[in-house]
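Listed here are the chains, written in short residue letters.
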Amino acid sequence: MADFKSATAGSLTLTRPCVKCRAQEATLDSRSQAVCRDCFTKFISAKCIKQIGILGKETRPPPSTTNGPPTGTRRYLLGLSFGVSSTVLLHLLNDNVEFQLARGRSAPFELTVIHIDDTPDNQTDHDHPSPSSTAAASEIILAQYRARYPRFTFHSVPLSSALANDPLEPSSSSSSSSSSSLPPPPRLKEAAATTPTAAITMSNTMSTTTTAASRSDLERQLTRRALLAQARARRCQALLLGHSTTALAETALAEAAKGRGFAVPWLVGDGAAPSTSPPLEGGEEGAGGGGVNNEDAGAGVVLVYHPLRDALRKELVTYAGLVDPPLTDLIDGGVQDSKNGGSPRAAAGAAVVSHKDLSIEEVMRRYFAEVEENYPSVVANVARTTGKLVRAGEGAVDGERCGLCGMPLDKDGDERWRGELGIQERTGTGPGFGNRLCYGCERSTAG
Amino acid sequence: MAPVLCANCKTERALIKRPKNHAKLCKACFITVFEDEVHHTITSSQLFYPGEKVAIGASGGKDSTVLASVLKTLNERHGYGLELVLLSIDEGIKGYRDDSLETVKRNAVQYDMPLTVVGYDELYGWTMDQVVETIGKKGNCTYCGVFRRQALDRGAKMLGIKHVVTGHNADDVAETVLMNLLRGDLARLSRSTSIVTGDDQSEVKRSKPLKYSYEKEIVLYAHHKKLDYFSTECIYSPEAFRGSARGLIKQLERVRPTAILDIVRSGEDMARLVPGDSPSSCACKGQNTASSAPVEDDIGGCGSSSGRTPGNEMAAMDKQLRENEAHEELEIDVAKAMSERKLNGSEKQRDLPIRNGNSASKGVARQVRGNCKRCGYMSSQDICQACMLLEGLNKNRAQIQI
Ligand SMILES: [Zn+2]
Ligand SMILES: [Zn+2]
Ligand SMILES: [Zn+2]
Ligand SMILES: [Zn+2]
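Residue numbers (the UniProt record's numbering), protein chains in the order written: chain A, 1 to 447; chain B, 1 to 402.
Think of the hints as simulated: they come from the structure by calculation, not from any bench.
Heads up, a few of these hints could be off.
In silico DSS-like links for lysine-lysine, alpha-carbon gap of 27 Å or less [stated by the list, open to error]:
hint : chain 1 : residue 1 : chain 2 : residue 2
1    : A       : Lys314    : B       : Lys250
2    : A       : Lys20     : B       : Lys319
3    : A       : Lys47     : B       : Lys226
4    : B       : Lys216    : A       : Lys356
5    : B       : Lys24     : A       : Lys356
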């Protein structure tokens with residue numbers, strides 16, 4: 001923000017002046033307008049700040065624990081995938097804090113950054129090659145983020161924490177600073193033994209026999225659940241996700257394609273996450289360890305916000321390259337692949353991949369890369385309208401929410417549904433908890 | 001390798017991998033299972049009552065031929081007590097219907113069902129050929145679509161029949177769901193998923209017994225039952241949003257065969273979440289009968305085609321949305337955007353509305369229903385679409401005659 005004032009001289013000699021400031025050479029096309037680099041970055045920044053402002057009003061500082069006047073600052077949690085969008089969001093949040101501090105104000109919020117490590121836990125799966133190298137890889141990337149944004153705290157948390165009794169328990173790949181007075185972490189196998197859903201979920205998530213579509217879906221649901229669990233356990237008021245307009249449109253259609261239409265308004269809109277933490281399976285057995293902490297943490301309402309909801313993915317990709325030094329050095333450890341940083345064209349035209357290896361999300365990503373290229377406003381409109389759908393099941397309590405993804409169960413939908421798959425429908429699901437899973441999770445756990 | 005046995009009877013050799021769930025079945029079991037599932041849809045949605053007279057919208061194509069065959073089978077097997085008749089529409093496009101109408105005539109004999117063919121000229125005073133002569137090639141699909149949407153109902157009314165069933169399948173419904181999501185058209189989304197359209201008050205009820213049947217299974221069924229059908233493709237290309245949704249569904253189906261059914265499920269659920277619609281649990285009070293929607297759905301075929309070249313519709317909407325953004329109408333919703341577009345009359349459109357203009361009622365699913373003041377057909381506007389189009393056409397004809 002500081003360096004552009006010096007560059008405004010000589011506007012008379014511009015060959016293509018920026019339509020916004022008229023002072024600098026336009027080097028970019030933004031929504032059919034020729035703009036300069038500074039105006040473009042300001043444009044993206046403003047879109048984010050606007051949403052952060054809306055969130056700020058929703059999250060007045062919490063009252064102090066001693067019933068005094070509000071004292072603390074806002075506490076947010078950012079989900080960091082190492083991809084473009086969440087990295088840009090992190091950068092913009094950091095900018096925002098620095099801007100306030102530079103003006104002598106206090107930091108507008110405290111931010112904890114969580115990376116959910118979805119590499120298979122070495123405790124769970126002997127079929128996978130040693131994952132310790134990949135877990136270490138994510139630590140190395142995380143160290144680069146820490147170095148660049150020392151103001152914030154960063155943790156890597158395993159995906160399996162989504163199903164743990166205490167999401168704060170330190171684990172192999174975590175650098176969590178949580179209290180060491182807690183009992184030693186149960187390894188996943190033990191946790192799985194006491195929680196049938198956990199067992200089946202994890203085995204399905206990691207198994208090589210399930211389809212890429214199911215694996216990807218379950219990973220996605222569990223990642224979200226793990227992030228929400230972290231937000232609750234760390235007493236954060238909001239979970240911030242980096243979804244661009246494009247990502248939200250993709251989410252809406254991908255979730256619809258996975259039979260999760262009922263959950264779309266929860267996933268695409270901003271607002272409170274379903275009331276408390278998702279119910280843990282087998283309360284009678286699970287009561288043994290770490291339950292107190294969890295119950296405590298579930299008390300607060302966690303908002304889920306998407307501050308980049310008004311920026312297209314391609315704009316975020318551009319932005320990441322404009323920042324100095326470019327965020328592209330950081331994203332995915334500096335490795336540019338078509339999935340995260342490459343041009344949409346490259347992604348769409350990528351080498352032929354077997355359909356068996358594609359996920360629904362990947363199909364949507366490719367599809368929307370093309371729509372975004374030609375009809376960006378259509379993409380924005382999908383995100384906007386699907387976000388307007390009513391959130392049903394708002395007051396759902398334990399037992400009325402899916403045992404896996406935590407979304408409210410759709411009883412009416414289940415009753416009205418006439419499109420049964422016929423024989424072989426539930427060969428993959430075990431007995432006893434089919435009624436506790438939502439339609440989408442049933443689909444994905446079936447194979 | 002030992003032959004794989006049928007997952008159902010476990011005795012016959014499995015010859016068919018079901019497109020729907022990849023279950024391996026023998027031929028006989030596939031046919032039975034397919035029929036059983038349609039039977040399940042019919043009974044659980046309470047589509048018919050004993051003694052009901054039902055017209056099957058028959059085009060000679062695979063969907064309606066399979067529908068006629070399955071309904072005949074189920075009617076006899078389960079004693080529905082239905083009086084089934086075939087109803088075909090002749091758009092009056094020279095050569096286009098000749099073969100398919102011949103097929104329907106054979107079907108009538110094969111299934112021992114009476115057949116009535118109703119022409120656009122009888123219904124509207126215009127054949128499609130005459131429409132094209134008058135207004136040119138561009139935009140005629142609008143007429144075809146609007147006229148066709150009403151034709152079955154009007155035809156049924158002529159026969160004194162109050163229930164028309166159509167061959168729309170799960171692929172059609174899924175396509176419409178995705179299309180309406182892409183268009184951001186929540187009002188239409190909420191209407192497009194109902195298995196029944198129209199209700200007790202409407203003169204003609206429409207339903208889709210094959211709503212949960214996969215297109216590929218319909219083809220398989222027709223093949224294994226050796227049904228006599230005519231493969232017609234709609235001669236007009238689908239509008240951009242539908243075409244785009246269709247391509248997307250094909251890809252999704254390849255990645256996960258159940259995706260089509262899952263989209264239908266999502267569509268049904270999201271329909272209940274449309275703002276202004278009755279919110280899910282409280283309003284329906286355990287009422288499990290099929291919910292109904294106004295009859296003006298635009299599912300499948302070229303029924304919703306605007307007659308423009310593919311891509312233009314998306315481009316036009318994109319442009320409109322961008323203009324709205326530019327005017328800082330940050331709160332625009334699509335219904336408004338769409339209706340504005342209609343009012344403005346985008347390029348190549350005559351000053352006739354493309355679609356039913358009920359999108360003016362923002363996001364409200366079940367709008368107030370009335371009847372067309374001219375023809376009495378159910379319409380959310382004073383004058384129904386067909387009558388609007390006819391007015392334009394008749395003016396044109398008058399001018400030519402002068
Ligand atoms: Zn500028
Ligand atoms: Zn679920
Ligand atoms: Zn068999
Ligand atoms: Zn009329």
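Given pair status - B/Lys226, A/Lys47, alpha carbons within 27 Å: Violated. A/Lys47 to B/Lys226 sits at ~60 Å, over the 27 Å cutoff.
Sort out whether B/Lys319 lies within 27 Å of A/Lys20, counting only the CA atoms. Answer holds: A/Lys20 to B/Lys319 is near 21 Å, not above 27 Å.
Do the alpha carbons of A/Lys314 and B/Lys250 lie within 27 Å of each other, as the hint requires? 26 Å, holds
Going straight from one Cα to the other, do B/Lys216 and A/Lys356 come out at no more than 27 Å? 19 Å, holds
Does B/Lys24 pair with A/Lys356 here, judged by a C-alpha cut-off of 27 Å? Roughly 19 Å between the alpha carbons, so the hint for B/Lys24 and A/Lys356 holds.
In summary, the structure is inconsistent with hint 3 from the numbered list given earlier, while agreeing with all the others.
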